[in-house]
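Trainee: Work the whole structure out from these sequences, hints included.
Number of protein chains: 2
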Amino acid sequence: MTKINENFAKLPGSYLFAEIARRTETYQQAHPDAKLIKLGIGDVTQPLIPAVVEAMHEAVDEQTSSDTFKGYGPYEGYDFLREAIAKNDFRARGVDISPDEIFVSDGAKSDCGNIGDIFSRDNKVAVCDPVYPVYVDSNAIEGRAGEYDPSAEAWTNLVYMPTTAENDFCPALPDTDVDLIYLCSPNNPTGTALNVEQLQRWVDYANDHDAIIMFDAAYERFITEDNLPHSIYEIPGAKTCAIEFRSFSKTAGFTGMRCGYTVIPRELERQGQSLNSLWMRRQSTKFNGASYIIQKGAAAIYTPEGARQIREVIDFYLNNARIIKEGLESAGLHVYGAVNSPYIWCKTPNGMGSWDFFNKLLKEANVITTPGAGFGPAGEGYIRLTAFGGADATREAVERIKKIL
Amino acid sequence: MTKINENFAKLPGSYLFAEIARRTETYQQAHPDAKLIKLGIGDVTQPLIPAVVEAMHEAVDEQTSSDTFKGYGPYEGYDFLREAIAKNDFRARGVDISPDEIFVSDGAKSDCGNIGDIFSRDNKVAVCDPVYPVYVDSNAIEGRAGEYDPSAEAWTNLVYMPTTAENDFCPALPDTDVDLIYLCSPNNPTGTALNVEQLQRWVDYANDHDAIIMFDAAYERFITEDNLPHSIYEIPGAKTCAIEFRSFSKTAGFTGMRCGYTVIPRELERQGQSLNSLWMRRQSTKFNGASYIIQKGAAAIYTPEGARQIREVIDFYLNNARIIKEGLESAGLHVYGAVNSPYIWCKTPNGMGSWDFFNKLLKEANVITTPGAGFGPAGEGYIRLTAFGGADATREAVERIKKIL
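Residue numbers (my numbering), protein chains in the order written: chain A, 1 to 405; chain B, 1 to 405.
Just to be clear, a hint being listed does not mean it is correct.
Claimed, not checked - Cut-off 27 Å, straight-line C-alpha distance, at most; resulting in silico cross-link-like pairs (DSS-like, lysine-lysine):
#1 A:Lys3 x B:Lys239
#2 B:Lys3 x A:Lys3
#3 A:Lys124 x B:Lys10
Calculated directly from the structure, the hints in this document are not laboratory data.
Mentor: Right, dumping it as structure tokens:
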């Protein structure tokens, strides 16, 4: 008799963004004339840059002739892209990462979700609270999270590290030993970034405890303040304790194109095994490379023209972030993030619950946000807004919110 | 202390095609003038059809304007593609599969590899022998295969079903209870196809034992003989016991584009849970949809023009298959497959080992094949050739092989 993975039944409700989409659709169906502004899910809205479009057209054209047609690509990604990444995302910042430490994929979400394949179920996992749900749910599915305790809104076997205004959004080192530590900086959902000193503490902890840091740097391109690390490998010692996830989704508007990459340094070993080799084996067994056309598009952001064009788009989003931050602050709300991130993390007014504030903004302002509680118990009392809307829509959303407060 | 997944260390050697690539590269480096003809890996060589190219260009152009730009798509694929699949791949053959039973992905290999996520480790897995390595290796990584026994060239906890000339390439029902059964028809690597009566026996077994059939139909488009099932859902009872995997890789030359899909009928439940819902949860947690551009390209094969164009390409490959089959038979070899498949399964001469014959063909004929033993112990004594080469290269390869025999 076939037995299913019983961990699925333990997952509470459905995946956060699916739940928001359902509530939004229900509201829209009941109010077909309502002009909803979506500042909830972190999805981009600006067109792809011309350099990417041109590169993808060229790549499509290559498929019309046997001489230039591309069949199966390398499991780990094409050299042209891995070399451009190593040179521009790392060496240009003085970080020594080589192409063979880079694995290109169909997106950072896939990698964050699948990376658990190379680790034993018997590892203690630590996550920030609030947290990007993929880290938690994928570990729950794989049996590392224990049982879900609805009263605590938490999994019995996960270590939650509160990351709130009270500790300046820097998680404290855990009192118990942990093995796999998920850190995201600039952070989703709080929009805040860890500095060198803060990250150094975590790298030292991980090396001391033979732990691994899963470092999600999907938003590094939004960092505007000097002296903030863009990669964990800027921190001495990180190559022996950290895996880094990067994404073209927000950097280059690739949420619908699908491309990201994972860095696993050669030096990174546990129990005598190279994690780089384990991941290569995992990917060659259960993945068949990212689409050639999409990889060509991704590589185009590393040309001088492409780099200039994506900078413009990111600055456009950062300007939206500033508008939201300043608008909500002028309405008396406490607001975090936005400076080094497309995310704005906003305290709810008068101690309102975050799903209640979500519903209020949906129904009274027709603005879709993400309730902080959806990211974990310590996210209660916050909502997340994103800077990915259009400029006019963002301004209008802020005005609408200010009116109902 | 981080603990790795110890199952990786049990995997023997490296993934078959990586091993072949390594041997080929070593030979080519030592003999830079050798003109190798690759009939080993099942990779297509013909250009994408015009209908697909046009659709992908249009999809790229849509990304240049906010109005038509596509961000995150549905986890399960766009409706336009799922509806085209349901209509053309199923209803047109009288099979009632609806779009919400279809999950589009970045490829059948990913799906075959990841599907194990929804099942418990505690399932007995049966595979054909010889077998596409992904089924075995992914289950080994997930801990269902037990230990690898080098003397038997087999995993202690897998049930191997010999599929050889002796049983007309139809695996016998196992004597022990099994829970997850991998069947591939037309088969990779043997190129043979199961008929309705043979598949009905398996569907009845699976329903009787509450087992699940993982039915890999990646090569269905190559079926030329009448009355052979293209989908397992043509068999009464299959919807309560089978998951079907389909691929655009061989159907439309998408090995480098990456697109496939998985069918999980609504009726398919185990332990009171819908497998369709479990897979949706898995995909929404650990996957973010296939690339929009690639999905638009895939949908183009269902237009009248696209259907005609892919038929021409498949006929071209089937003609190669016929040339290989007839050529090798004229040289006195025993040859199977090729009629409903791009694969030719060839008995080695004089009881030669399959890696030995692989090496002989590499070194003396400069033709790259795949050793049957790489697909499992019962593949020993066979090699696999593929029909995916160019017409001239295929003819030349056959001539070269005939000369050295």
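Trainee: Would you mind marking each hint as holding or not holding in the structure?
Mentor: Do the hints match the structure? See the list:
1. A:Lys3 x B:Lys239: 18 Å, holds
2. B:Lys3 x A:Lys3: 26 Å, holds
3. A:Lys124 x B:Lys10: It holds: about 23 Å lies between the C-alpha atoms, which stays within 27 Å.
Of the numbered hints given earlier, the model fails none.
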